[in-house]
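Participant: Chains as they are written, first to last, in my numbering: chain A, 671 to 980; chain B, 671 to 980.
Don't read these hints as lab results, they were simulated from the structure.
Where hints are given, some of them may not hold.
Identical copies carry no separate label here, and so any pair may be met within one copy or between two of them.
Said to hold, decoys possible - When the alpha-carbon atoms are kept at most 25 Å apart in a straight line, the in silico SDA-like pairs for lysine to any residue are as follows:
#, residue 1, residue 2
1, K724, Y702
2, K684, G749
3, K684, L769
4, K914, G766
Here's the letter readout for the chains.
There are 2 protein chains.
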Amino acid sequence: MSIAVTILGSSSAKPSSMGHPSAQVVNINEQYFLVDAGEGVQRQMARCGISALKLRAVFISHLHGDHLYGLFPLLSTLGLYGRRTPLRIYAPRPFGEMLEAFLRLCESDLPYTPEWVEVDTTKHQIIFENDTTEVWSLPLRHRVPTAGYLFRQKEPALNVKKFAIERYGLSVQQIVQAKRGEDVALESGEVLGNESITYRPYGALSYAYCSDTNYSARLARMVEGVDLLYHEATYAADMRKIAKERGHATTADAAKVAQMAGAGRLIIGHFSTRYRDLEPLLKEAQEIFPATELAREGETFVIEPNPRKQ
Amino acid sequence: MSIAVTILGSSSAKPSSMGHPSAQVVNINEQYFLVDAGEGVQRQMARCGISALKLRAVFISHLHGDHLYGLFPLLSTLGLYGRRTPLRIYAPRPFGEMLEAFLRLCESDLPYTPEWVEVDTTKHQIIFENDTTEVWSLPLRHRVPTAGYLFRQKEPALNVKKFAIERYGLSVQQIVQAKRGEDVALESGEVLGNESITYRPYGALSYAYCSDTNYSARLARMVEGVDLLYHEATYAADMRKIAKERGHATTADAAKVAQMAGAGRLIIGHFSTRYRDLEPLLKEAQEIFPATELAREGETFVIEPNPRKQ
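Sequences are here, hints too, so could you generate the full structure?
Facilitator: Structure representation (structure tokens):
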């Protein structure tokens, strides 16, 4: 029931021999989601021991090359590996046109279908949902239409408190009723309120990916209470003006968003190649938000739910 | 006056964490040519200390992803780095459509122009020429239209033999005449044949890139006398049938082509990922053509001209 985020790359646009551009794998209950796909993403997945065949869906924040250009080679490879299941790719417009051109000109005989789902980067809404997981779009403020993504586990199913079963001698039928969230009427006529006899065995976790973006107080509100927050920090705090002009954030911006949101932990990344030593960036953020870590390639950040008492 | 070939990648299509797909930089008299551009090529160039801004032209053998998908991120980066000079890309059809879609959808504001030059993969002809260098297309036999490339230094300018200058007391004008390749008439009426008084200071070198291809005796004739030959060897000699079916060559095929062509040295590459240990492949080729080497990532193969005597 944990969430694990593996950093495949977190360098900014200008490539260097040091780091790979933005890409992450988010593993929620053994569902693997790729978030952004900078060049080299498939090789980085292999290095991190994550099989590309496991991918459940892809989320692309925006159509700048350093977040996108690794996707097409990956799609090609999934074909070589014989994927048959369609693969949904959530991305802003005009990704559909790019995909269409790619499939028509480069990969006309893929054995599976990559399906584009358009993301409206102006809206904060659910774009993906299944039994256990929701993904919400997060409008970001960059030079081109850009969305962050908020991954939320759904609340786990209700358990019935052991003492209630024993005290009231609940039948199997009554237990099922309680697990559905209903109140339970006893033979005596007494009605047990659902909340008094059930509990959630653990809390649902959440992770938000926010890159690339200017500082945004609105974003902080949208990710309120998030357990783990990735927020870009392309520049040091003294580069505030340049960050703002270029649609990026500083270390201080990222830390302030984490602080306002009441996040559990913060990961900063997407560092400009001008910074060889990242420790000063980390320190700047930690002064505002102590639970900050650097997005280092190959590292996996895991958050575990706290078991709840009955 | 040397030719240096740097291997940026020589793995075959299925990506692994081990090696990069096909890409090389050929440096002829400080002119840098990129030959094929598998994913990660720009990062590999950086690792090998070759500035992408130095690229003079790009030659793509065929439009399979493992020879191509690193090109688009590289074109994007050249824009970030402020390239202004047009960049010629020699590639078979329908590369032009891919480039058009890429420029329209992904990189509409590049500060330079990537220009496609169509390569007719059925013809062995000069496709690039300047004062010092020629590049010839080499029809290869693969599953899709594919061309190899033969890089030839032009013969260096004529020098006039020192003894001739002294013996006949040649004037500056007569020396210039001889350097132009003309015969020289002395005052005595005697005519000195150009060949008797001039020489080429060194031999012109040549390098041929042949990937991907079936064995071809015709290819061996086209690269006759080549100083350095890169020939793919996707499979070991015992996989001849599969190699043939898939449009690839074996170690033995590559070595036979080198032998028939009378090549100086052979580099084999484009190995299937099934081979973890490449030494057995090398030995197979060396049994037929001893001067064989493995294309290892990051390695540079240099050929130097032999100075010629007067």
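Participant: Hint by hint, note whether the structure agrees.
Facilitator: Verification of the hints:
1. K724 with Y702: within (6 Å within a copy, 40 Å between copies)
2. K684 with G749: Answer is between: at 10 Å across copies they meet the 25 Å cutoff, but 29 Å inside does not.
3. K684 with L769: For K684 and L769, both the intra-copy (24 Å) and inter-copy (21 Å) Cα distances are at most 25 Å.
4. K914 with G766: This pair counts as neither: shortest intra-copy Cα distance 29 Å, inter-copy 37 Å.
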